[in-house]
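K.L.:
Going down the list, the protein sequences come from chains E and Y. Mind the numbering: the first sequence is residues 1 to 284 in UniProt numbering, read in order. Mind the numbering: the second sequence is residues 1 to 284 in UniProt numbering, read in order.
Read the hints as simulated data drawn from the structure, not as lab findings. Hints may contain errors.
[As the list claims (entries may be wrong)] Straight line, CA to CA, 20 angstroms or less: simulated EDC-like cross-link-like pairs of lysine to aspartate or glutamate:
#1 K48/E - D58/E
#2 K141/Y - D58/E
#3 K199/Y - E176/E
#4 K175/Y - E200/E
#5 K141/E - E205/Y
#6 K175/E - E241/Y
#7 K195/Y - D242/E
#8 K2/E - D75/E
#9 K195/E - E176/Y
#10 K141/Y - E176/E
#11 K195/E - D58/Y
#12 K199/E - E176/Y
Number of protein chains: 2
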Amino acid sequence: MKINKVCILGAGTLGTRIALQAALSGFQVTVYDINAEAFVSSKKVMSKILRMLTLSEDVIATIQFTTDAEEAVADADIISESVTEELPLKRQVWAQFSALAPAKTIFTTNTSYLLPSMLVDVVDRPSLFCAFHFHDVFTAKVVDIMPHAGTSEEVITLLEEFGRALRQVPVIVRKENPGYVFNFMLMAVIGAAGKLRTKEVASMEDIDKSWMVNFHMPMGPFGILDSIGLDTAWHVTHNLEDAGSQAFAALLKTYVDAGKLGEKTGEGFYKYPAPAFKEPDFLT
Amino acid sequence: MKINKVCILGAGTLGTRIALQAALSGFQVTVYDINAEAFVSSKKVMSKILRMLTLSEDVIATIQFTTDAEEAVADADIISESVTEELPLKRQVWAQFSALAPAKTIFTTNTSYLLPSMLVDVVDRPSLFCAFHFHDVFTAKVVDIMPHAGTSEEVITLLEEFGRALRQVPVIVRKENPGYVFNFMLMAVIGAAGKLRTKEVASMEDIDKSWMVNFHMPMGPFGILDSIGLDTAWHVTHNLEDAGSQAFAALLKTYVDAGKLGEKTGEGFYKYPAPAFKEPDFLT
Numbered sequence: 001m002k003i004n005k006v007c008i009l010g011a012g013t014l015g016t017r018i019a020l021q022a023a024l025s026g027f028q029v030t031v032y033d034i035n036a037e038a039f040v041s042s043k044k045v046m047s048k049i050l051r052m053l054t055l056s057e058d059v060i061a062t063i064q065f066t067t068d069a070e071e072a073v074a075d076a077d078i079i080s081e082s083v084t085e086e087l088p089l090k091r092q093v094w095a096q097f098s099a100l101a102p103a104k105t106i107f108t109t110n111t112s113y114l115l116p117s118m119l120v121d122v123v124d125r126p127s128l129f130c131a132f133h134f135h136d137v138f139t140a141k142v143v144d145i146m147p148h149a150g151t152s153e154e155v156i157t158l159l160e161e162f163g164r165a166l167r168q169v170p171v172i173v174r175k176e177n178p179g180y181v182f183n184f185m186l187m188a189v190i191g192a193a194g195k196l197r198t199k200e201v202a203s204m205e206d207i208d209k210s211w212m213v214n215f216h217m218p219m220g221p222f223g224i225l226d227s228i229g230l231d232t233a234w235h236v237t238h239n240l241e242d243a244g245s246q247a248f249a250a251l252l253k254t255y256v257d258a259g260k261l262g263e264k265t266g267e268g269f270y271k272y273p274a275p276a277f278k279e280p281d282f283l284t
Numbered sequence: 001m002k003i004n005k006v007c008i009l010g011a012g013t014l015g016t017r018i019a020l021q022a023a024l025s026g027f028q029v030t031v032y033d034i035n036a037e038a039f040v041s042s043k044k045v046m047s048k049i050l051r052m053l054t055l056s057e058d059v060i061a062t063i064q065f066t067t068d069a070e071e072a073v074a075d076a077d078i079i080s081e082s083v084t085e086e087l088p089l090k091r092q093v094w095a096q097f098s099a100l101a102p103a104k105t106i107f108t109t110n111t112s113y114l115l116p117s118m119l120v121d122v123v124d125r126p127s128l129f130c131a132f133h134f135h136d137v138f139t140a141k142v143v144d145i146m147p148h149a150g151t152s153e154e155v156i157t158l159l160e161e162f163g164r165a166l167r168q169v170p171v172i173v174r175k176e177n178p179g180y181v182f183n184f185m186l187m188a189v190i191g192a193a194g195k196l197r198t199k200e201v202a203s204m205e206d207i208d209k210s211w212m213v214n215f216h217m218p219m220g221p222f223g224i225l226d227s228i229g230l231d232t233a234w235h236v237t238h239n240l241e242d243a244g245s246q247a248f249a250a251l252l253k254t255y256v257d258a259g260k261l262g263e264k265t266g267e268g269f270y271k272y273p274a275p276a277f278k279e280p281d282f283l284t
């Protein structure tokens with residue numbers, strides 16, 4: 001089978017980016033959301049990305065936006081679902097689209113931390129269901145392909161090809177793993193940085209400097225946390241049971257309670273838009 | 001007090017690089033080793049680095065090399081010790097130089113994983129003793145300053161200034177921590193990568209791709225392991241008690257037993273000098 005028509009569920013940050021990349025890659029794209037207002041900001045983000053990439057904005061007009069679920073999925077070869085990261089909501093959406101989608105449609109979820117096996121029992125076509133997880137689409141071009149035990153090998157191969165068609169590097173996650181591959185490693189880094197901080201081994205700045213200088217990277221773990229969002233970081237860390245994670249979760253909670261969620265609120269571990277780690281004398 | 005004369009103990013990889021950077025930074029440098037043959041390879045490495053940096057090799061002639069311990073430490077303001085990473089040997093060296101060095105000499109150890117408190121009881125001047133740990137000196141310009149409980153604040157401040165004079169970014173490690181700051185985080189990444197591999201979640205190549213693409217880095221955890229040396233990695237991992245580390249240590253042991261120690265032996269996880277991860281089509 002060949003993928004031609006792509007249906008995106010959820011016009012948020014990732015849904016918007018996947019839709020745009022699919023349209024740019026020559027696929028026919030429909031974006032579905034329950035809220036029509038989401039389409040306005042989605043199109044604005046698309047314009048911004050296209051200007052940054054110095055590409056024509058004409059491609060946006062080729063994308064269909066609809067709040068009509070039946071229309072959205074009509075004749076779709078694949079669904080990429082990026083609705084809010086809540087298990088009951090994702091289960092409801094997959095039950096709904098199981099009833100509406102043509103038999104041929106491949107179902108993929110872009111979940112960050114849930115597993116396809118937590119959703120598959122509401123899906124009417126388990127062998128066509130797989131996690132297909134994007135990072136940033138345009139700057140971090142990795143797509144994780146994580147099957148559940150019943151996903152067919154043909155679907156995995158097809159998603160690998162589709163991932164490459166979307167200009168991503170496909171990574172096969174052979175066994176279900178929370179955080180896939182990269183986020184699993186990133187959480188380990190963040191956990192270690194959190195321990196260094198909560199045990200007062202080193203200052204946040206010195207921890208970030210060590211990472212930035214040794215790895216020649218533009219930010220360290222605390223800068224990365226600010227860009228992820230401290231609410232998200234708290235949510236993930238809080239659910240880990242070891243004492244180190246709990247201590248760091250408690251620290252993150254003080255920021256979350258103070259409304260300091262990172263870059264998006266103007267303050268987290270650093271202050272934005274001009275955080276200290278971007279200053280020229282930071283690495284001295 | 002002002003640092004002028006620097007005494008380097010051990011003409012190995014790091015001793016050589018620290019000596020060269022100190023000489024380039026205008027300090028008077030003496031390199032001590034028990035083995036005069038080490039000086040031949042040390043000077044070759046210095047020449048190679050200077051050619052890479054397109055700097056004159058004349059600076060090498062300003063460095064004194066000696067197998068005479070008393071001569072090496074005469075009038076030294078600071079000792080930087082980079083002898084083999086074995087506790088009994090380091091203890092013996094520090095007892096020896098406690099007896100030989102002038103009262104003013106600051107004592108620093110460049111140990112990778114030992115702690116200054118494991119050595120301080122043989123030192124005759126605990127308040128002048130501190131870990132002062134380099135990474136690569138020329139490409140990874142971080143120096144960790146890790147005091148034991150009795151190191152004086154003046155010494156910490158002086159080492160911070162001396163680190164900057166050596167063109168490094170000083171990082172203060174306020175509490176003793178094996179691996180300091182960066183290596184502690186790096187071990188967390190490597191531990192996570194090891195788990196993904198031993199649990200067969202993803203292939204080595206896919207794990208490295210995830211890291212390289214998301215972080216825009218030239219190698220991933222397994223490439224990094226090959227450059228560290230799988231014998232060193234085994235040694236560190238083997239000493240960790242959790243089941244995940246033990247499983248990864250067992251895997252590393254199969255490479256070590258086969259003589260595959262990484263880049264230095266021509267093969268580790270990858271084959272050198274042209275490892276797969278450097279090929280243009282690796283990230284596709």
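K.L.:
Look at each hint and say if it fits the structure.
P.N.:
Consistency of the hints with the structure:
Note on K48/E and D58/E: the hinted pairing holds, with a Cα-Cα distance of about 13 angstroms set against a maximum of 20 angstroms. Proposed proximity of K141/Y and D58/E is contradicted: the alpha carbons are some 47 angstroms apart, above 20 angstroms. With a C-alpha separation of about 11 angstroms, the suggested pair K199/Y and E176/E falls inside the 20 angstroms cut-off, and the hint holds. With a C-alpha separation of about 7 angstroms, the suggested pairing of K175/Y with E200/E holds against the 20 angstroms cut-off.
Proposed proximity of K141/E and E205/Y is supported: the alpha carbons are some 16 angstroms apart, at most 20 angstroms. For the proposed pair K175/E and E241/Y, the alpha carbon gap of about 25 angstroms is over 20 angstroms, so the pair is violated. Restraint check: the Cα-Cα separation between K195/Y and D242/E comes to about 17 angstroms, which is no more than 20 angstroms; the hinted pair holds. About 12 angstroms separates the Cα atoms of K2/E and D75/E, which keeps this hinted pair within 20 angstroms; it holds.
Distance restraint check for K195/E and E176/Y: the Cα-Cα separation of roughly 13 angstroms lies within the 20 angstroms cut-off, and the hinted pair is therefore satisfied. Distance restraint check for K141/Y and E176/E: the Cα-Cα separation of roughly 39 angstroms exceeds the 20 angstroms cut-off, and the hinted pair is therefore not satisfied. Of the pairs offered as hints, the one joining K195/E and D58/Y is violated, with about 46 angstroms between alpha carbons and a cut-off of 20 angstroms exceeded. Distance restraint check for K199/E and E176/Y: the Cα-Cα separation of roughly 11 angstroms lies within the 20 angstroms cut-off, and the hinted pair is therefore satisfied.
Violation of the numbered hints given earlier is confined to hints 2, 6, 10, 11; the remaining hints are satisfied by the structure.
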